[in-house]
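Protein sequence lines correspond, in order, to chains A and B. Going by my numbering, the first sequence wraps up at 863, each residue one higher than the last. Going by my numbering, the second sequence wraps up at 276, each residue one higher than the last.
The hints are simulated quantities; they were obtained by calculation from the structure and are not laboratory data. Being a predicted model, the structure only gives us computed values, none of them experimental. Treat each hint with caution, since some may be false.
Stated by the list, open to error - In silico PhoX-like links for lysine-lysine, alpha-carbon gap of 25 Å or less:
#: 1; chain 1: A; residue 1: K249; chain 2: A; residue 2: K232
#: 2; chain 1: B; residue 1: K275; chain 2: A; residue 2: K226
#: 3; chain 1: A; residue 1: K226; chain 2: A; residue 2: K201
#: 4; chain 1: B; residue 1: K127; chain 2: A; residue 2: K232
#: 5; chain 1: A; residue 1: K827; chain 2: A; residue 2: K506
#: 6; chain 1: B; residue 1: K98; chain 2: A; residue 2: K771
#: 7; chain 1: A; residue 1: K105; chain 2: A; residue 2: K128
#: 8; chain 1: B; residue 1: K126; chain 2: A; residue 2: K232
#: 9; chain 1: B; residue 1: K216; chain 2: B; residue 2: K250
#: 10; chain 1: A; residue 1: K249; chain 2: B; residue 2: K160
#: 11; chain 1: A; residue 1: K827; chain 2: B; residue 2: K160
#: 12; chain 1: A; residue 1: K435; chain 2: A; residue 2: K249
#: 13; chain 1: A; residue 1: K37; chain 2: B; residue 2: K216
#: 14; chain 1: A; residue 1: K430; chain 2: A; residue 2: K440
#: 15; chain 1: B; residue 1: K98; chain 2: B; residue 2: K275
#: 16; chain 1: B; residue 1: K250; chain 2: B; residue 2: K160
#: 17; chain 1: B; residue 1: K98; chain 2: A; residue 2: K775
#: 18; chain 1: B; residue 1: K216; chain 2: A; residue 2: K249
#: 19; chain 1: A; residue 1: K201; chain 2: B; residue 2: K160
Unchecked claim - Sample of chain A residues lacking proximity to chain B, with all beta carbon distances greater than 12 Å (derived):
#: 20; residue: P91
#: 21; residue: S218
#: 22; residue: G355
#: 23; residue: K439
#: 24; residue: F509
#: 25; residue: D755
#: 26; residue: P766
#: 27; residue: E797
#: 28; residue: A820
The beta-carbon is built from N, C-alpha and C at its ideal position, and this holds for glycine as well.
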Amino acid sequence: MDRRTFLKLSAATCGAAALAAQPLAAFAEAPGAVEDVSSSSGSSKGSGKWVMSSCQGCTSNCAVRVYVQDGRATKVEGNPNAKGNHGCVCPNALLALQQQYDPDRVKYPMRRTNPEKGRGIDPGFVPVSWDEALDEIADKLLELRDNGEAHKLAVAKGRSTGIADVFHKALPEIYGTPNRFSHSSICAEAEKLATGALCGYWDYHDYDMLHTKYVIMWGADPISSNRQISNAISQFDKMHANAKIIVVDPRLSATAAKADKWLPIIPGTDGALASAMAHVILKEGLWNKEFVGDFEDGFNYFGSGEPLDENLWEVYGKYRGGNQVYPGGPSSSNEYWFDEKYTHGICRWWNLELHDKTPEWAAEITGIDAETIVEVARAFATQKNKAISWISPGVCMTARGAYTGMACFALNGLVGSYEAEGGVMRSPSISTGHLADMYAYKDSKAKKGLKKAKADQRQNFDFVSIEKGESGHNQNTNRVADAIISGEPYQIKMMISYWNNWAYSCTGAQRWEEALPKLEFFVHITTNASEMSQFADIVLPAKHHMFEAWGFVKNKQNLYGYLSVEQPCVETLFEARNDETEIAWALAEKLRDKGWSKLYDYYSIECHDAYGGNRPTNAEEFGQSVVRRFTQPAWDPSAAAGGDDIKKWSDFLKNGVWNSDRMTYKKHYKDFGTHTGKFEFYSETLREILLEHCNSYKTDVNSLMEACNYQARDGLCFVPHYEEPLRHGDEGDFPFVFSEHRSRLNREGRSANLTWYQEFKDSDPGDEAWDDVLKVNPSDMRKLGLKDGDEIVVTSPSGSITVHAKGWEGTRPGVVVKCYGQGHWAYGHVAAVDFEHAKPRGGNNNEILPAEWERLSSSTARHGGVTRVAIKKAR
Amino acid sequence: MTKYAMLIDLGKCVGCSACQIACKIENTVGEGHFYSRHETVMSGTFPKVTYRYIPTMCNHCDNAACVAACPVGAQKKVDGLTIHDDAACIGCGACVAACPYGFTMMRDPKAFDEFASTDELIEGCTSSGAEVAKESGAPVPYGNFKVTSESLLMDAGKSEKCNFCKHLIDAGDDPYCVHMCPAGARIWGDVEDPESDIAKALADSDVSVSHPEYGTSPNVYYVGKF
């Protein structure tokens, strides 16, 4: 058939195509999600309908609406009802259309026929029915349980929705394994630690962009990448009209290009720059006196640049009630107190870290000249509460990033911009429903399995794994590979995972290629046959969250919190099923049929409809039921949570989003939630966590610091401070520092198989369409004898990738820069140059980045120039 | 007389490419083809460098070289816009050769080959372009079928370019690149109407056009600095 015939044929088929799938409404109320388009504000008119949904292209989770024509999704726009992204979407949302209709989507469950597993080895996948696939999975699950090895099952997730617990928690808990992992610790968990240790809010922050006067962005590129991209793009110009914008980043990012000043810092040295700025602010008396307080006599004892007298500290500190006061005066008859207001420990921070961190000292380390440091510090502090120090994974997801993040974030405390107008904000509280208690459904086998240690080593001494203020909690995603390889603490035998691709997305990716074959049985739920799928025994086709599945998301942007729904709006392609509801339900049914009904009982009895109490009788009802349950506070007036006044479920589906009230300023001034209730420059909060961790191992904090690759000892462990960057590779063998960044078309790393990603790859400054380039300063290009487009091999101590060289002035000599996202050797025919022979398009950064951690949070350290590389011409 | 024009505020533009993807969605533009475009310019030496991203599109010139070059009147001026008439086009390529900006191109029959291909990555397990298209019921599954079926199904070898989303503005809507710009960097309207936003903006601002030395009198204006 030639192309023309094909098109005509398809056109004819179209007329007979079924109408748009209606949202399923097995329950009391009529469907309300689909509206006729009467006024379309800029969109083509036709027979189409708008259906509200959400974008999960990054963790901003923007509310969107999908235009559906003849059962097809043809447009994605921002949901005009959303106060977070206020009707705007960034290009990532648009890319979702090509994800939905990716020619390489998995159609049917696939079973592996070749037992040998490895890159480039054909798994010999053959299609099987859902029944056969679930049969095998259930048999394997029951075999493990019957052998007393329930804990050897791991359940893992990548992209997930607000109802994830239905699958990712209920299955492992009721089945009896403590091993459930998500991708969050390869994302940005160290940032949450850095802020929580200072201000008690263990989460990402929001920013009062329209009222700020000065912004320092530390590795943040919000008009391109995570977080709140849509809001940042739409408000950037308005913010810039009022505010000076300074971007600290090793590379010229899009935001840096639009900023007033780009500070091209040497990777991983941000802590030195931040400490020097804090030094200037204190030495020159520029801190915010209303927020921090002042010396009682008004004299600036920091002005000398010397540490304060600690002998007097002992005496008077105790006398005046501990940590908030500090005598700077020469004698007891002439007392000079620092009367701290909303902060804690400023004098100790000065003594432990800041007093000798001069701009000249920092200039040597950071590559940013001393005059600029002074100028920025002064200008920043002059704006007081309307100055934002905006941190990002770029500074936190580094091997010593907890303290770097703290050093940068602490500047908000100094100028009093925390929770202030024009400053750094928390999110309004957003209440959601939750799952019913599972205790009654856990049998003795489950209880036994749940008592086992978690297999990701998160509770090891040298992984503190702090999450929400508690040690031993945060999952240690990237350690799972090592745990599988070493069999420590025990051998995981089976894994079920969805929407993740850790053989590609984790640093030290090769370890996953070694680990995954060691699993006896691996089930991968995915839209595309990704790198991880190549190791699977069973691959199950996943629905796309924006177009095909029930779910919801919650997040914050623009000082609003929101819940946004996801609902089926197009005909599902082939036999894909929703991971969190349909597969969960079907698996529970299958397990019941084989004699173990606990999971099914829990789903059918406890996951009843929030309103009517109807019990779900099939997978579709189950999906809608749990979304109703979790989002109930948004649409049920009896569970009202403030914000938008939505009266019923069908209105929530029509509106698509529930918005909170706008966040108020100074909401937590009485108690920030830290150990002292104050903004802690000396973090009693972190101290308590670390001491508790050390006590349980009967050791001390200094030993812990050593085990965790940190340089700090003693009191320095509890204050924001500079740590030298940890770099893999000797400078002699690996002369260049490698720095990576994100694409503005990244979609959490799932977009490389889309032609729009490839065609517009050059919208990432310095990058090329359809290519993967290492950006090298032109002076280094000359030294290496390279010209643009040369094929080069980039080698680190961890591995090698082959990419193209690009001379670019947006990075300093000695530092080479590359975007993450290309280098797939699987995934699809666009992402990989040759899928059959596992030949990638470009190179995956994670094959040259070492498996390294920020160990206080057990996050993956991928930034800060964590490795050095050598560059050689390929031929 | 109505005379439409567009003003792109480079100060607001963040260089995200949403306009281009939106254009591809609305007009069902195939792989390797562009009605909405961009240029990037990097200048200076580290660390004093400037990166600029400039969204571009057919300039809808008053003195349009393509209109002058077309032997059959298939490129014509309508309300100030340069509109390509698919039906009249004989595919001679004179407009492509004439446009000094290179913003008119010949339609490539391979632009949608992806959705004609029956290749399956994993036989019997994963889909193919043709199968996804068939399942979705349209030759391009996300294509704006109703608007562009005619042009999609037309013989290859004709030229194509930005028509200012004439089908949308005729219906009272914005061109889709304007509608979907998350930065609100584009305004459009009738410059002959002194009350229009664009007429006011042009009167108030220091605007420029692409390559004025070509003498084409573009109707796409730029203001601000990226």
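Status of the hints after comparison with the structure:
{"no.": "1", "hint": "K249(A) - K232(A)", "verdict": "8 Å, holds"}
{"no.": "2", "hint": "K275(B) - K226(A)", "verdict": "14 Å, holds"}
{"no.": "3", "hint": "K226(A) - K201(A)", "verdict": "11 Å, holds"}
{"no.": "4", "hint": "K127(B) - K232(A)", "verdict": "44 Å, violated"}
{"no.": "5", "hint": "K827(A) - K506(A)", "verdict": "24 Å, holds"}
{"no.": "6", "hint": "K98(B) - K771(A)", "verdict": "21 Å, holds"}
{"no.": "7", "hint": "K105(A) - K128(A)", "verdict": "19 Å, holds"}
{"no.": "8", "hint": "K126(B) - K232(A)", "verdict": "46 Å, violated"}
{"no.": "9", "hint": "K216(B) - K250(B)", "verdict": "23 Å, holds"}
{"no.": "10", "hint": "K249(A) - K160(B)", "verdict": "45 Å, violated"}
{"no.": "11", "hint": "K827(A) - K160(B)", "verdict": "24 Å, holds"}
{"no.": "12", "hint": "K435(A) - K249(A)", "verdict": "57 Å, violated"}
{"no.": "13", "hint": "K37(A) - K216(B)", "verdict": "22 Å, holds"}
{"no.": "14", "hint": "K430(A) - K440(A)", "verdict": "15 Å, holds"}
{"no.": "15", "hint": "K98(B) - K275(B)", "verdict": "16 Å, holds"}
{"no.": "16", "hint": "K250(B) - K160(B)", "verdict": "43 Å, violated"}
{"no.": "17", "hint": "K98(B) - K775(A)", "verdict": "22 Å, holds"}
{"no.": "18", "hint": "K216(B) - K249(A)", "verdict": "41 Å, violated"}
{"no.": "19", "hint": "K201(A) - K160(B)", "verdict": "51 Å, violated"}
{"no.": "20", "hint": "P91", "verdict": "4 Å, violated"}
{"no.": "21", "hint": "S218", "verdict": "6 Å, violated"}
{"no.": "22", "hint": "G355", "verdict": "9 Å, violated"}
{"no.": "23", "hint": "K439", "verdict": "40 Å, holds"}
{"no.": "24", "hint": "F509", "verdict": "19 Å, holds"}
{"no.": "25", "hint": "D755", "verdict": "10 Å, violated"}
{"no.": "26", "hint": "P766", "verdict": "8 Å, violated"}
{"no.": "27", "hint": "E797", "verdict": "5 Å, violated"}
{"no.": "28", "hint": "A820", "verdict": "9 Å, violated"}
Hints 4, 8, 10, 12, 16, 18, 19, 20, 21, 22, 25, 26, 27, 28 from the earlier list are contradicted by this structure; the remaining hints agree with it.
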